[in-house]
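There are 2 protein chains.
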Amino acid sequence: MPDGFLTPRSIALVGVSTRTGPAVFNVIDQVLAGGFTGRIYPVNPRGGELRGLPVYRSVSEIPEVVDLAVISTPRTAVPEIVRECAARGVKAVIVITQGFADADEAGHRLQEELLQAVSGTGTRLVGPNTIGVVNLYDHLNTSFIEFTRQPADTATICQSGIFLLGSADFTCGIGLGVDIGNAADIDFNQTLAALGTDSRIRVLNLHMEGLADGRRFMEIARQVSREKPVLCLKTGRSEAGARAASSHSGSLAGEDHVFGAAFKQCGVIRVRDVEEMRYFNKTFLTYRSMPGRRLAVVTISGGAGIAAVDACGDYGLEAARFSAQTNDKLAAVFPGWMEVGNPADIWPAGMSRGYREVLELALDTILDDPQVDALLMISPAYVDPDADPRLDISAHVNRAAARHPDKPLALWIFGAYRRELTARMEAAGRVAVYPSPDRAVASLAVLYRYVHGIKNAPAALPADTGGINRELVGQILAAARRDGRTTLNEEALDVLRACGIPALPYTPAIDGAGAVRAAADFGYPVVMKIASPQISHKSDVGGVKVNLTGAAEVRAAYDDMLHTVKERMPQARINGVIIQPYRPGGTEVILGSKRDPSFGPVLVYGLGGIYTELFRDVSFRIAPITGEEAREMIRETKSYRLLSGFRGRPPADLDALAECLLRLGRLVAVQPQIREMDINPLLAGPDGAVAVDARITIDNHTGEETPEQK
Amino acid sequence: MPDGFLTPRSIALVGVSTRTGPAVFNVIDQVLAGGFTGRIYPVNPRGGELRGLPVYRSVSEIPEVVDLAVISTPRTAVPEIVRECAARGVKAVIVITQGFADADEAGHRLQEELLQAVSGTGTRLVGPNTIGVVNLYDHLNTSFIEFTRQPADTATICQSGIFLLGSADFTCGIGLGVDIGNAADIDFNQTLAALGTDSRIRVLNLHMEGLADGRRFMEIARQVSREKPVLCLKTGRSEAGARAASSHSGSLAGEDHVFGAAFKQCGVIRVRDVEEMRYFNKTFLTYRSMPGRRLAVVTISGGAGIAAVDACGDYGLEAARFSAQTNDKLAAVFPGWMEVGNPADIWPAGMSRGYREVLELALDTILDDPQVDALLMISPAYVDPDADPRLDISAHVNRAAARHPDKPLALWIFGAYRRELTARMEAAGRVAVYPSPDRAVASLAVLYRYVHGIKNAPAALPADTGGINRELVGQILAAARRDGRTTLNEEALDVLRACGIPALPYTPAIDGAGAVRAAADFGYPVVMKIASPQISHKSDVGGVKVNLTGAAEVRAAYDDMLHTVKERMPQARINGVIIQPYRPGGTEVILGSKRDPSFGPVLVYGLGGIYTELFRDVSFRIAPITGEEAREMIRETKSYRLLSGFRGRPPADLDALAECLLRLGRLVAVQPQIREMDINPLLAGPDGAVAVDARITIDNHTGEETPEQK
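For the protein sequence lines, the chains are A and B, in the order given. What the first sequence shows, in UniProt numbering, is residues 1 to 710, in sequence order. What the second sequence shows, in UniProt numbering, is residues 1 to 710, in sequence order.
I should point out that these hints are in silico values taken from the structure, not numbers from a laboratory. Do not rely on the hints blindly, as some may be mistaken.
As the list makes no split between identical chains, a pair holds if one copy fits it or if it spans any two.
Below, in silico cross-link-like pairs of lysine to any residue (SDA-like), each with a Cα-Cα straight-line distance of 25 Å or less [to be verified]:
no.	residue 1	residue 2
1	K228	G336
2	K538	G648
3	K638	D617
4	K538	G585
5	K566	A33
6	K455	Y56
7	K228	G685
8	K566	G685
9	K538	L32
10	K264	E632
Bound-form chain A, shown alone:
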């Protein structure tokens, strides 16, 4: 991303109106109001003068090659101006105009033209359909709308200008911001790489509707999130929302659970809405550390303290248990009838011994306690603190916070004057005030998660592709392609074996005698399954018989199965049957992979049988994954308990199961021609895991997409 976008020394404002002032929405007014110190060149074919500056008739007339051109002409005029900029050597161009890929067919074509105009020229483009950039460090903004420029060490990358214009509200202020708009050229990834490495920025905020290259995003975000928190508001979550997103910025929103998995893997913290975004920003701008998850609550109301303890349970923090020393110190001032503990209700003690004195003692004592990692102070704002300075405890709270910069001291303040007291409390930047215990605890929990989870997680993508016999896999897939087949059934088990994933052996048979020979080779009991490229759900058509215990049974089963299947699926080509050893026991799980347009191969794991669908108890990750991610995938399903010794069942070998997921991830990552893959079921037992049935769908010869098989 050329420097010209965020730190230009000169700007051309192309297509600015000749009118200025209120309600005209002229960029020049905002650039001047922001205090930009570089050179400004308004451009309009009519020429003349604007806000005391000469107006140039075209970019070519400007006496220097500007660092940045900002275009806001009607859409049909844009491509020619971009070409002119590129020819002149302007490296950074912002297209504010709407009506491109966000609009009709003509708009899509115009956006294509823009891309062609800069292709190979070294000129780069932000937009179209953007309000451009904000850099409050250097007094730059290209917005055409007046907004509150509240500086803060945060950066925002968005697909809608409101996230820059409303930054004082959404992110507690802003330092750098880019509205990538339709992201025709410069996209999320390039912007994230640029803003993410700016050492002044302490929190990165993303407003995302869609992503063109999800895998590259993950690489960059993984690096950036180790340095500073990356928060993301992903919209277009719902189906209706995704449709709306597509017409807003031409983004493909994709499946929400895939984004969720990707964010988890690369350390991006998802925020639910703009309120959460605001409070998470406040949190990360105020606090840098939190030693553990043990929260102390100091309250002026027992009832309020209970609400805070409830929230701890919801968000994974723990109510701290005070040390004996802390309890003794508090007991010395608490009334005799009152039990000392966490939450510490200081009201009765404060009434008899002076509120501020007890408050100071409680805050200092509790923050000194090594068994406490953070403190939530619950305090009222019933009346105007400006009218009665006695009610302002901000000095006391800030003094206590300053003694322990490593432990967050947060506040929940309530009452009519909540905002006034909040401003006083937060003025020194040492404490953060929240409007509910829920907000406070959720915010501290995300701080803990960041400091202890994301910040120290490995920054590199798992690169190991060991254990995959790529040559053998390639041969099996190539053989299917040669036959013109895009679906592999039994051979999928051979592919698995070539990846080190245990799979049941199978032997094909084309008549009863062959079936009996195969069965005898394996030893009884055996399973018989119909072999047909057209039949996916074999048991639905009578194509599976389990627990066959002898030769006669096998022979009868063969005749019966072929008869039944032919009757039910007369069009299917049937290649006889396959025989497998019968292995009862173990828990049936499903492993699979599907190709996402943005993120590529996505792994899915869940309980087998009808329950996966019924309870949607599945987990997702972008492939490849690490061993730890494989274990997470297993642990985050509810059916995990079933595998870990539920109600007296023998626990399954989870390491073996995780290894299967890990290897499946490697396989689909290195074999891009695998479009979709299912191991269904894989039996997870106490002595290991084994794939029983599998299916692979590959792209056909020509590389064209074939229609989905399911």
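Here the structure of chain A is known, so what remains is to put chain B in place on it, guided by the hints.
Same frame as chain A, but now just chain B:
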């Protein structure tokens, strides 16, 4: 609840400090500041004068029988003063003092003394451990703390004073309020009955830690919630929170899911936290109707509109589809390249045709559309509306809202000056402003739910107990009690049959020959189960054999089962076996009931097998239930899909299943000696439902509680 509590003409303030002014927390200061117009009598043994009023040495010295006494002496002095009040004929007493059931053993005893002091006297008590009452209609409050008295037509009943003191923040103001504190005498139910019937009150707010009599609460709440919304913040949700609640007000928090079920049944709307409470109050104070669930979004940002559509999906509203007429009217002003639809992004049109003109057209056109039930306007507050009145669209919005008082016009406003613009918008009381699309949509969704669900639901509890042969049930239970048994196994099936719940027949057998005779009577195949009062999980000890197809098999099974069970459970008394017909097929579900200390018999329903526990896929209701509630119980589990024709399975007879739940609810409601009951499994098939196994635990002879069996 005597009138003296909320509309006293005279108040005794017993135990007030002789000091007044800031930081003394003297009730008399607040009573006077509030503008109370009745007679005030401070009481303190020292006598003298306070704020110009003579101080009486005791309640007996006061020259009249006051309507209300407010006591704030040290705790040990309280019982004697309460006795004095009762003797004097004071009908309403508030005990502010802490340190009773909220504290140590001595405190519990003191609270008992308070109760005895008023018992049978006609004197009633609010508290102890309370800040008392608020009645802003009559300028009364008994708080000892200064707070903002913002009037609003809401009432609050709480167990923590902060909900009255912080009402300007939590509930957008207040009209009436009672802090029931420890609720030693006057409790939630009596207060709810009193405040709920006040016609001035439009929203009732509850802060609840626990409930002594849940069934009575439901009766009252069911009545009140048909007249006005009842919102409840239930704290002590988590286990740790429940422990904290018990030491705060001596409440037993009970199991959270039971409260959840009870609230659903009696129309109480649960709020997650104080922020949600605030916005739900704002919603109900602003809007009275919402014709349907179709939401239109008018936005100045496409990206923001997408977030609103996402929220619709989350909270069960629908994005409206505009009529052709609406689309045409909007298309006439929108730029040609822009598709017209919902959300309607009016920014491009506003830029070219004037923002306010387009805004007015859009609001009026869309609110006129019969396919739209509510409108969310998304609007910025980037700069100070006081500095630039052009940015204030509140007049336009309010004009549009006034034209359609039946359809909510809500706003999401963002930017640094959100609060300033919000105040202007809301001044006329016609529109509500929210800080995020999530808040706005969640609030409109709860309005819809109230108007269309709760408001019109039947107000009476289901009283029908038809179809239960109470005499027969009584005989079976009495027989067990006579034998000294508290657990019924096979006989539980007889109890079910007596309630009209189909149950598999069974025949006991005490030897192999008897088993064969019984099997022959039913016809093969049959099931054999061990009969022993000590064995609950029969299959775990080899006590169940299914699908026995002939006499030899039955005889062998009998010998084998008795041998195996005796080996595994040598202490168990074995009464032979029972034989039942074997009925394969159908889905196994569990129906049960358990007695809750506050709500009495609670029904539970869920999928059978290990999945109930694994996925916690169960629903609860307080018994008895209506037919509609029975169907809701089935529908709100995820396993519902399994019963309704999942993946080609035949759908189960849901009416028959609901009927079983309904009748089970009647049974446990009329037979209070049933402590716990399980039908596990009940087979739900396409042709009806039938109980296969059941167990009942009853109270023993003496009426004492026996330890739990599980």
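Those earlier numbered hints the structure runs against, lowest number first: Violated hints (numbers, rising): 1, 5, 6, 7, 8, 9; every other hint is consistent with the structure.
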